[in-house]
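Asker: All chains, full assembly: derive it from the sequences and hints.
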Amino acid sequence: MSQGGAGLTLIGLNHRTAPVEVRERLYWPLAEVPGVLQRLRGGSGASAVLLSTCNRTEFYLSQGSAEVLDLISRQASARLGQPLDAYSYVARGREAAEHLFRVAAGMDSLVLGESQIQGQVREAWEAAQAYSDAVLNRLFQSALRAGGRVRAETALGSGAASVPSASVELAHKIFGELSGRKALVLGSGEMAELAMGLLASEGVRTVMVAHRDLARAAHVAEQFGARAVTFGEAWPLFAEVDIVLSSTAAPHAIVTPQHIAEPVARRQGRPLCILDIAVPRDVDPAVGRLENVFLYDIDDLQGVVAATIGVRRRELPAAERIVQEELAYFWEWYAGRGAVDIIRRLRDQMEAVRVAELERSLRRLSHLSPEDRERIEQLTKALMNKFLHAPTLSLRAAAGNGSDRELAEAVRRLFALPEPPGPSEKESSQS
Amino acid sequence: MLAVLHVAALLGYALTGALVALPLLRLPGGTVRMPWVLAVATGAVGLHFVALVSYAWRAGALPLSGMAPALSSLAFLVGLLALLVLWLTREGAIALVASPLVTVVLAAALGAGFEPAVGQVASRGPWFVLHVATSLLGLALIAVAFAAAALYLLQHRELKERRFGAIFRVFPPLEQLDRLNYLALALGFPILTLGVVLGAGSMGLSAGLRAIGPAHLAAGFGAWLILGAIAALRLMGRLRGRRAAVSSITGFALIAASYAVLVLVQHGFRAFS
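Note that the protein sequences, when read in sequence, are chains W and X. Counting from 5, one number per residue, gives the positions in the first sequence under the working numbering. Counting from 19, one number per residue, gives the positions in the second sequence under the working numbering.
Just so you know, the hints here were simulated from the structure itself, not pulled from any lab data. Check before you lean on any hint, since a few could be wrong.
Reference excerpt, derived from the structure (chain W facing chain X, CB under 7 angstroms, subset only) [stated by the list, open to error]:
| # | residue |
| --- | --- |
| 1 | 177 |
| 2 | 180 |
| 3 | 273 |
| 4 | 296 |
| 5 | 298 |
| 6 | 304 |
| 7 | 307 |
| 8 | 311 |
Label pairs and their computed distance ranges (CB to CB) [said to hold, decoys possible]:
| # | chain 1 | residue 1 | chain 2 | residue 2 | range |
| --- | --- | --- | --- | --- | --- |
| 9 | W | 240 | X | 60 | 49 to 59 angstroms |
| 10 | X | 43 | W | 74 | 50 to 60 angstroms |
| 11 | W | 266 | X | 175 | 21 to 31 angstroms |
| 12 | W | 416 | X | 60 | 49 to 59 angstroms |
Chain X regions said to be covered by chain W (calculated; three or more residues, Cβ under 8 angstroms) [unchecked claim]:
| # | region |
| --- | --- |
| 13 | 171-178 |
| 14 | 249-260 |
Cβ atoms here follow ideal geometry from the backbone N, Cα and C, with glycine treated the same way.
Answerer: Structure (structure tokens):
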């Protein structure tokens, strides 16, 4: 299997090669993926898997002939309203496989090590089951295994890589299990709602939402099944809740030690996590000096993210090693497939010769006992296996380094093997 | 053979600590690999158990009497409890404190030398055996409370000072450490108390209560009283978080110091006389 041939191929674009306005036009929701692949098969007979996320759209083809690539390019360009070539890339053979392995491991993501991509790769493969084939199935299985190993064996996916998830991580580091914890939200704002949504998904219960405008507070409270209160009513709640999330539009600090020192003193040593994601800050930094109060502002949350990215970057060499290991396993299998046919035909031919010659000889040696005949048969088998051992190994090795085509042709000529079946004949025999 | 087994266990404990400490060095690939940590820690505790059993086999008595066997048993119990915490929480950080602690105690045991005191324990009667066994278990639990408290203070400092480095990532959440500290203290103090009562009873039966000297009363009873006050405040919910952690460390230090004084009074002075 030559790397330069029409074997395993990838064509696509991602966040590095295309701006968001291009990516969003070439994004296919999962439900539409089977239809796209059906049209592709109808037009070219190609087996393919389409991976389409907000950061990439990639077609993986087991046989990426020029015609198939041209068809994909034309259809995508039509959807885009401009030529795809300026944004797309094509990778073949081992390079295409390596790309998918790195994608599944989160090494090619916009946010290094993000875990969502593993699920998206799995979903893309599952959605393409009817349009996939043995090569693509094996490729995606191997890529998912590589991704799983990278997550399990390295810290590439560890920590929080966004400000809302940093809020959750900080709360985790104080309380451990967040289920059943109570939160108070001061003000509103997109980031606060995002962070609160993440905390709610961890089982945190928003009990109160405080805002200068009670109607606005009621609107936000409704989203989290909480009650709306004014700021004045919120201060005593600092004695009860575990997490305070603050994001008001106030031009100065509204939470001061004077407001909350007394309620905090009544907490009997229970920790209080205050996440101040407002700019300018809502919480007086002096609040952070109160005992058992853990105060974090937007810079701290970004600090958590930066620390996570730093850790993830340090894990890249370890992740790369895993990807290369899994890629080697896959490639050994993939390349070996090219040698299987010629080895099988060579063995069939040799076996036919062995059986014919054995029968001819045994007819002349009718005086031999059944045991002796059996011994002679075993001898011929052993000889044949010995003779074929070295050529078999050479063919497999050649398949591994991509030089199998020339060697297979030489073997076919040397041993006068029949011509290999044509593509259509091969397809029908495989099915 | 006894020393070899102990040295192997000691190396296992040290390796467990090193595996957990690796990510703190910020090396590439420095992730806490819990399966390895658990395997090495289990191996170390297993080897240590074999060492203690072989001591008991040779000595014909439990490894409770004599400096080296008692220290080795104490190290084993701390190791076993730390291993239990590792298995239950899947948080390796406990090994950062438990591992050096066990290593030092075990090294001290090896330094003292294992000379089986044949028949020594049996001759002192079952009350003495129970006294030493419960005391060691109580001490081991208080050592675990100390380990949790030490980790708590470090993580507390990182969180308060907004440092999000290796300690922040590797150490368990504050509340989890606080719970572990509470549990270990709540179990450790009553067991230690039982040990003290059994010790007094055993001494009273063998030599009369008057044999309990002023050193025992001052150091042992004093430390026990302070630890008791800490445990009581903890159980009543009056002490938690950072203050509880500081108190636990103080309590452990007092108990360790009192044992050192008592050992010196009982063995050291006599040895020099």
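Asker: Hint by hint, work out which the structure violates, then give me just those numbers in ascending order.
Answerer: none
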